[in-house]
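A.B. asks: Sequence:
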Amino acid sequence: MNNKVKVEFWGVRGSVPSPGPETIKYGGNTSCVSISYKDKILICDAGTGIRDLGSSLVQDPNKEIYILLSHSHWDHIQGFPFFKPIYQPDRPVYMFPSLLKKNIVLSSLVEQMDGAHFPVTPDQVPSNFNFITHNPLAFLSKNGFDIELVFLNHPGSALGYKIKVNDITICYFTDNEIEPPYKKTIEFDQLVEKCNTADVLIHDAQYTKEDMPLKHGWGHSLIHQVTELGHEAKVKNIVYFHHDPERSDEQLDKLLDIEANWLKSKNSLSNPIFAQERLILEF
Numbered sequence: 143m144n145n146k147v148k149v150e151f152w153g154v155r156g157s158v159p160s161p162g163p164e165t166i167k168y169g170g171n172t173s174c175v176s177i178s179y180k181d182k183i184l185i186c187d188a189g190t191g192i193r194d195l196g197s198s199l200v201q202d203p204n205k206e207i208y209i210l211l212s213h214s215h216w217d218h219i220q221g222f223p224f225f226k227p228i229y230q231p232d233r234p235v236y237m238f239p240s241l242l243k244k245n246i247v248l249s250s251l252v253e254q255m256d257g258a259h260f261p262v263t264p265d266q267v268p269s270n271f272n273f274i275t276h277n278p279l280a281f282l283s284k285n286g287f288d289i290e291l292v293f294l295n296h297p298g299s300a301l302g303y304k305i306k307v308n309d310i311t312i313c314y315f316t317d318n319e320i321e322p323p324y325k326k327t328i329e330f331d332q333l334v335e336k337c338n339t340a341d342v343l344i345h346d347a348q349y350t351k352e353d354m355p356l357k358h359g360w361g362h363s364l365i366h367q368v369t370e371l372g373h374e375a376k377v378k379n380i381v382y383f384h385h386d387p388e389r390s391d392e393q394l395d396k397l398l399d400i401e402a403n404w405l406k407s408k409n410s411l412s413n414p415i416f417a418q419e420r421l422i423l424e425f
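In this note's numbering, the protein residues as written are 143 to 425.
Treat each hint with caution, since some may be false.
As the list claims (entries may be wrong) - Simulated pairs of lysine-lysine, DSS-like, Cα-Cα distance not exceeding 30 Å: (1) 408 - 396; (2) 146 - 167; (3) 284 - 306; (4) 408 - 351; (5) 148 - 284; (6) 226 - 180.
Hints were generated in silico from the structure; no laboratory data involved.
Model the full assembly from the supplied sequences, consistent with the hints where possible.
C.D. replies: Right under this line is the structure:
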């Protein structure tokens with residue numbers, strides 16, 4: 143059994159899928175990240191990237207599946223009906239509707255399968271949906287994933303997750319607007335504290351200054367704000383995530399160079415990584 147912690151990226155775009163010749167390198171699927179440890183896999187969000195993840199998991203029927211959602215916007219739920227393990231008879235899939243203290247997130251996940259928006263309804267799915275409503279964090283901890291909830295700055299609210307697995311700390315903070323025009327749920331210094339010295343910070347980095355002021359308040363951060371956060375928090379690996387669907391591979395390459403040079407000028411120990419599909423980080 144592999145005792146390494148493996149973080150794998152299956153969908154890294156924000157807002158809407160963006161396939162095409164200009165997005166081949168980084169990929170066009172929407173948010174989905176998996177964290178594997180031993181015989182278990184924790185899935186963060188169910189954007190279109192979860193389809194490819196599901197195709198790999200059907201070959202590993204003994205791996206236990208746990209799905210966390212940050213919030214219910216389309217780009218974080220729209221791949222779930224195409225997740226092949228839910229069509230495997232009796233396969234358990236664990237989900238956690240009570241983490242936001244309401245059922246809207248998980249109801250959005252399964253209610254899109256209503257016969258009108260998708261032809262298969264939940265009662266026709268042969269796997270076992272397990273909705274863990276009693277002490278979900280304790281349940282996850284018992285299964286190897288110690289998780290702290292972090293409420294983020296995003297219209298309609300969104301959850302971030304500080305995840306500890308086998309002494310590795312992974313902060314999954316999508317979708318978060320570091321400096322929003324509306325009342326903040328979390329301040330910059332609090333974000334620094336939450337992800338201090340984390341092994342991996344996966345953070346929304348959708349916009350540049352050129353996208354403003356039009357998109358200020360849309361719930362996403364400037365790329366350089368994420369660099370500053372990772373540097374201040376002494377994060378080992380800053381993973382820039384939730385790329386704008388309009389951003390080409392060439393543009394992302396140039397933006398990565400800018401952020402890497404800034405970190406180098408500060409003698410920062412943080413390693414900048416622009417997330418791309420099938421990127422794997424192992425610890």
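A.B. asks: Determine for every hint whether it applies to the structure shown.
C.D. replies: Here is how each hint holds up against the structure:
Distance restraint check for residue 408 and residue 396: the Cα-Cα separation of roughly 19 Å lies within the 30 Å cut-off, and the hinted pair is therefore satisfied. Proximity of residue 146 to residue 167 is assessed by CA-CA distance (about 26 Å); at most 30 Å being required, the pair is judged to hold. Only pairs whose Cα atoms come within 30 Å are accepted, and residue 284 paired with residue 306 is accepted, the gap being roughly 12 Å. As the CA atoms of residue 408 and residue 351 are separated by approximately 21 Å, the hinted pair is consistent with the 30 Å bound.
A threshold of 30 Å between alpha carbons decides the hint, and for residue 148 with residue 284 the separation of about 19 Å falls inside it, so the pair holds. Taking the CA atoms of residue 226 and residue 180, the gap is near 21 Å; set against the 30 Å cutoff, the hint holds.
Of the hints listed earlier, there is not a single one the structure fails to meet.
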